[in-house]
Amino acid sequence: MGDDIGRPSTPPPRVFDTFVLQSTPEHVRQIEINRLKAKAAQREKEQAVSSSSTLNSNNKRPLTTGSSGQGSQTRPVASSSKPLERDSRLGTYFEYDLSKMVNSKGGFLVQEGNEVDENRIRKEKEREKQRNVHNLDIPMFLDPERNAKCRECQCMDIDPAYLKVFNCLVCKSCQNEHPEKYSLLTKTECKEDYLLTDPELRDEEAMPHLLKANPHASTYANMMLFLRCQVEEFAWKKWGSPEALDAEFAKRTTEKKKKKNKKFEQSLRDLRRRTKEGVWQRRRDAEHKHVFSEVVAMRQGIGEQTLIAMTDDISQTEHEQIATSLEVEQIEVNLFRSKSLWLPLLARGVFGGQVISQALVSASNCVDPAFALHSLHCYFLTSASPSVPIVYSVERLRDGRSYVTRSVKAIQNGHVIFIMLCSFQRPEPWQPSHQWPMPEVPAPDLCPDEEANYSKVIQDPKSPPNLVKFFQERLSERSRSPIAIKLAKGHHVDKEGTVRYMYWMKARDIPQYEAPFQKCILAYESDLYFISTAPRIMGLKRPGKGPDSLSMNYSGLSFLILIRSSNDFDAGDWLLYEMECPRAGSGRSIVHGRMYTQQGTLVAVMSQEGVVRANIRGPPAEQKPTAKL
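Residue numbering for the sequence shown follows UniProt numbering, starting at 1 and increasing by one per position.
One should not assume that every hint holds.
Simulated pairs of lysine to aspartate or glutamate, DMTMM-like, Cα-Cα distance not exceeding 25 Å [stated by the list, open to error]:
(1) Lys489 <-> Asp573
(2) Lys191 <-> Glu232
(3) Lys164 <-> Glu118
(4) Lys256 <-> Glu180
(5) Lys506 <-> Glu580
(6) Lys495 <-> Asp509
(7) Lys506 <-> Glu327
(8) Lys129 <-> Glu204
(9) Lys339 <-> Glu327
(10) Lys238 <-> Glu205
(11) Lys456 <-> Glu304
(12) Lys238 <-> Glu255
(13) Lys258 <-> Asp193
(14) Lys191 <-> Glu204
(15) Lys187 <-> Asp246
(16) Lys263 <-> Glu204
(17) Lys409 <-> Glu327
(18) Lys489 <-> Glu609
(19) Lys251 <-> Asp193
(20) Lys187 <-> Glu255
(21) Lys260 <-> Asp198
(22) Lys462 <-> Glu450
(23) Lys164 <-> Glu145
(24) Lys251 <-> Glu200
(25) Lys258 <-> Glu248
(26) Lys409 <-> Glu329
(27) Lys256 <-> Asp157
(28) Lys237 <-> Glu255
(29) Lys164 <-> Asp97
(30) Lys262 <-> Glu192
(31) Lys164 <-> Glu128
(32) Lys506 <-> Asp460
(33) Lys456 <-> Glu473
Treat the hints as calculated values from the structure; they're not laboratory data.
Start from the sequences and build out the full structure, keeping to the hints where you can.
Below you can see the structure in the form of structure tokens.
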């Protein structure tokens, strides 16, 4: 106990000096005065530093030693006369104007004042609740009698989509097995096949439908799909029976065709009226002038001139250029109209080769250029008048990968005068080929022109006057023709006794046209001198009288042209046209022709049937036996 009393306490007790701790009021007042003086002196120093507006050469305030505190004695004092130098190791210096900076919210877009739309949130919750109710699976019970079953096979694997949308109990296997009942129909099919209206199809109670995204484009409206059995049930109730629906469908189809035909006939009448007015106005405005040929010396020193043409005959003048002869103008989709028509000398109607070529130009304008013409078959139903333009109506019969087929009808004055069926093929040059050899004929430079042959007949003093006049007219027409013709071999008889005529033909002064137009020019050339081969071989004369002369102008009935699919010929170069007549009789004749290039390439094969009649009125009269008495 004595040791514990003598041990010092920790921490040792402090000895308080009562004299030091005691402070008088005077002492306290002096301490407060000193504190206020120190604060005032510190405030003056701060104001002196902050109020300094004098800038140095670096556009900065000068440094003062007063604000550095006690450690400022060791730092260098800034001089206002010498500008501060910046350390080059610090990199590029940018001075920002903090007064113009805007808080960008850290790069995030913040919509201020975005108030919560309670009405929209409530509607979204209602829609979500409806979707959840709609997407509930079909409940399954332990009792099989309470479960829904398929109406066809009585299985419990019900399609939930059919049940929820159409309220129809059917499984997916029965849907595939019975498409005549459970297949889905589009709204267009319901309107076209069952003659239902749009308001009826939009009535969800009468006609429930399934909405599905449109496969054609996402911007299109959703498709409306209907159950076939429900559509048929609704249609039978509306029309009474399937037979009544078929009768109504046939009635509407007939009315639609009548309306379409009536509209087409009306447009055709308007077109015909405008065309006639245009042709009549052009003829009235044209200057009427007679053009005569050169003076031809006749017997006894008398000269004669022949009327060649009249300048107001616009169609005949335009015929002198092959481009204008074949030109057509498009007036509607698949509808074209001729611009000029040529009436040959002593002909009943428009030149058939021009009708064929213009129809071919119209058909080529409705075909992909990758396909090349290889055949055409046409019929001339009646002759065409040159005073009224011809309208060509093109019908697209077939568009295949290798072949394309077009049908052309030539219409004039509301009647079909010509029909053509043409086929186009995608060329296959890698396939094997074969052709007949070209006959041996003189070169084009060694053959005389047809004009020279006509001039010989005209200048021959032994030629009768009527023949001279006929050849003068032919010479005038031939000199203005866009096709140049030279006689290679006339009435050539081979070893087998077959008579052939051969001509060199080419288009005059034409540029290098595209291949489709070259074939149209070839079709124009194919009808020159072709059907006239038959009366020449049979010895029928024109002009003339008697049974050995032609009783009427020969005309074509049908025409067939087979052309190479390749485009390796030029209609502006000489082509050899070989013609023959294998059979003639009963007022009809068939002629065959082949066209070769100068290199011997067979480019086209032609066949034509035409009317060729001699000047015979009828069968010879039967001689009645004379009585002996």
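Now the hints, each set against the structure:
1. Distance check on the hinted pair: Lys489 and Asp573 sit about 19 Å apart at the alpha-carbon level, within 25 Å; holds.
2. Distance check on the hinted pair: Lys191 and Glu232 sit about 12 Å apart at the alpha-carbon level, within 25 Å; holds.
3. The hinted pair formed by Lys164 and Glu118 fails the criterion: a straight-line CA distance of about 31 Å is larger than 25 Å.
4. Straight-line distance between C-alpha atoms of Lys256 and Glu180 comes to about 28 Å, which puts the hinted pair past the 25 Å bound.
5. Proposed proximity of Lys506 and Glu580 is supported: the alpha carbons are some 20 Å apart, at most 25 Å.
6. The straight-line distance between the Cα atoms of Lys495 and Asp509 is roughly 38 Å, outside the 25 Å bound, and the hint therefore fails.
7. Restraint check for Lys506 and Glu327: the C-alpha separation of about 18 Å stays at or below 25 Å, so the hint holds.
8. About 21 Å separates the Cα atoms of Lys129 and Glu204, which keeps this hinted pair within 25 Å; it holds.
9. Restraint check: the Cα-Cα separation between Lys339 and Glu327 comes to about 6 Å, which is no more than 25 Å; the hinted pair holds.
10. A hinted pair counts as satisfied when its Cα atoms are at most 25 Å apart, and Lys238 with Glu205 qualifies at roughly 16 Å.
11. With a CA separation close to 16 Å, the supplied pair Lys456 and Glu304 stays within the 25 Å bound.
12. The suggested pairing of Lys238 with Glu255 holds, with an alpha-carbon distance near 21 Å, which does not exceed 25 Å.
13. For the hint pairing Lys258 with Asp193, the CA-to-CA distance comes to about 20 Å; that is within 25 Å, so the pair holds.
14. With a C-alpha separation of about 16 Å, the suggested pair Lys191 and Glu204 falls inside the 25 Å cut-off, and the hint holds.
15. About 19 Å separates the Cα atoms of Lys187 and Asp246, which keeps this hinted pair within 25 Å; it holds.
16. A C-alpha spacing of about 38 Å is found between Lys263 and Glu204, which places the hinted pair above 25 Å, so the restraint is violated.
17. The straight-line distance between the Cα atoms of Lys409 and Glu327 is roughly 17 Å, inside the 25 Å bound, and the hint therefore holds.
18. Proposed proximity of Lys489 and Glu609 is supported: the alpha carbons are some 23 Å apart, at most 25 Å.
19. At most 25 Å may separate the alpha-carbon atoms for a hinted pair to count; Lys251 and Asp193 meet this at roughly 13 Å.
20. Under the criterion of a C-alpha separation no larger than 25 Å, the hint pairing Lys187 with Glu255 is consistent with the structure, at around 23 Å.
21. For the given pair, Lys260 sits about 23 Å from Asp198 by alpha-carbon distance, which is consistent with the 25 Å threshold.
22. In summary, the hint linking Lys462 to Glu450 is supported, as the alpha carbons are separated by about 20 Å, within the 25 Å threshold.
23. Proximity of Lys164 to Glu145 is assessed by CA-CA distance (about 20 Å); at most 25 Å being required, the pair is judged to hold.
24. Simply put, Lys251 and Glu200 have alpha-carbon atoms about 21 Å apart, close enough for the 25 Å limit, and the pair holds.
25. This hinted pair checks out: Lys258 and Glu248 have alpha carbons roughly 15 Å apart, not beyond 25 Å.
26. Our distance criterion of 25 Å between C-alpha atoms is met by Lys409 and Glu329, whose separation comes to about 15 Å.
27. Among the hinted pairs, Lys256 with Asp157 is inconsistent with the structure: their alpha-carbon atoms are about 47 Å apart, more than 25 Å.
28. About 24 Å separates the Cα atoms of Lys237 and Glu255, which keeps this hinted pair within 25 Å; it holds.
29. Proximity of Lys164 to Asp97 is assessed by CA-CA distance (about 67 Å); at most 25 Å being required, the pair is judged violated.
30. Using a Cα cut-off of 25 Å, the hinted pair Lys262 and Glu192 holds, with the two alpha carbons roughly 22 Å apart.
31. Between Lys164 and Glu128 the alpha-carbon distance is near 17 Å, which keeps this suggested pair within the 25 Å criterion.
32. With a CA separation close to 28 Å, the supplied pair Lys506 and Asp460 exceeds the 25 Å bound.
33. Among the hinted pairs, Lys456 with Glu473 is consistent with the structure: their alpha-carbon atoms are about 14 Å apart, no more than 25 Å.
Of the numbered hints stated above, those contradicted by the structure are hints 3, 4, 6, 16, 27, 29, 32, listed in ascending order.
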